[in-house]
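Asker: Make a model of the complete structure from these sequences and hints.
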Amino acid sequence: MGDTYIKPLFALLLHCRTKAVSDCRFGYLQAQPPVYEAGKMIMGALVLLAPDTGDPIPVEVMRMVSAQLIEEPEVIERLRTGQRDAAVQLLEEKLDRLFSEHRD
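Reading the sequence shown from the start, the letters are residues 1 to 104 in full-length UniProt numbering.
It is worth saying that the hints were derived from the structure and are not from the lab.
Quick caveat: nothing in here was measured; it's all calculated off a predicted structure.
Please note: incorrect hints may appear among the correct ones.
What the hints assert, rightly or not - Restricting the straight-line Cα-Cα distance to at most 20 Å, the calculated cross-link-like pairs of lysine to aspartate or glutamate (EDC-like) are:
(1) K94 <-> E71
(2) K19 <-> E74
(3) K94 <-> E77
(4) K7 <-> E77
(5) K40 <-> D3
(6) K94 <-> E72
(7) K7 <-> E72
(8) K94 <-> E60
(9) K94 <-> E74
(10) K19 <-> D3
(11) K19 <-> E60
(12) K40 <-> E77
(13) K7 <-> E71
(14) K19 <-> D52
(15) K7 <-> E37
(16) K7 <-> E74
Answerer: Printed below as a string of structure tokens:
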């Protein structure tokens, strides 16, 4: 498993490939209260799981999701405030736009 601290989001990005899932999974775990560790304030963790099947496509999809999470902090803010559906909608809009650019 890999992890990265994303300072502007006060979040850990946790990601791995695993046989425990059959398709891509994404979630946000909120730390209540925030965790303080080595000069970092951690308000939550983004968890991205890709199936470990040897297929590179799920890993690429999760890479794109993690890039959008970093580039669009509003997604995390919506998750933090319990606006799950709004976060999903914003992420889907960003990914739709990104995928349509790759097709053109």
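Asker: Give a verdict on every hint.
Answerer: Hint check:
For a cut-off of 20 Å, the pair hint linking K94 to E71 stands: about 10 Å separates their Cα positions. For the hint linking K19 to E74, the alpha-carbon distance of about 31 Å lies beyond 20 Å, and the restraint is violated. Restraint check for K94 and E77: satisfied, since their Cα atoms lie roughly 15 Å apart, inside the 20 Å limit. Restraint check for K7 and E77: the C-alpha separation of about 14 Å stays at or below 20 Å, so the hint holds.
Under the criterion of a C-alpha separation no larger than 20 Å, the hint pairing K40 with D3 is consistent with the structure, at around 14 Å. Pair hint K94 plus E72 holds up; C-alpha atoms about 9 Å apart against a cutoff of 20 Å. At roughly 14 Å between alpha-carbon atoms, K7 and E72 fall within 20 Å of each other, so this suggested pair holds. Using a Cα cut-off of 20 Å, the hinted pair K94 and E60 holds, with the two alpha carbons roughly 15 Å apart.
Annotation: proposed proximity of K94 to E74 holds, straight-line Cα distance about 12 Å (limit 20 Å). Note on K19 and D3: the hinted pairing holds, with a Cα-Cα distance of about 19 Å set against a maximum of 20 Å. As the CA atoms of K19 and E60 are separated by approximately 17 Å, the hinted pair is consistent with the 20 Å bound. Our distance criterion of 20 Å between C-alpha atoms is met by K40 and E77, whose separation comes to about 18 Å.
Note on K7 and E71: the hinted pairing holds, with a Cα-Cα distance of about 13 Å set against a maximum of 20 Å. Between K19 and D52, the direct Cα distance comes to roughly 5 Å. Compliance with the 20 Å bound is thereby established for this hinted pair. The hinted pair formed by K7 and E37 meets the criterion: a straight-line CA distance of about 12 Å does not exceed 20 Å. Taken as a hint, the K7 and E74 pair is honoured in the structure, with Cα atoms around 14 Å apart against an allowance of 20 Å.
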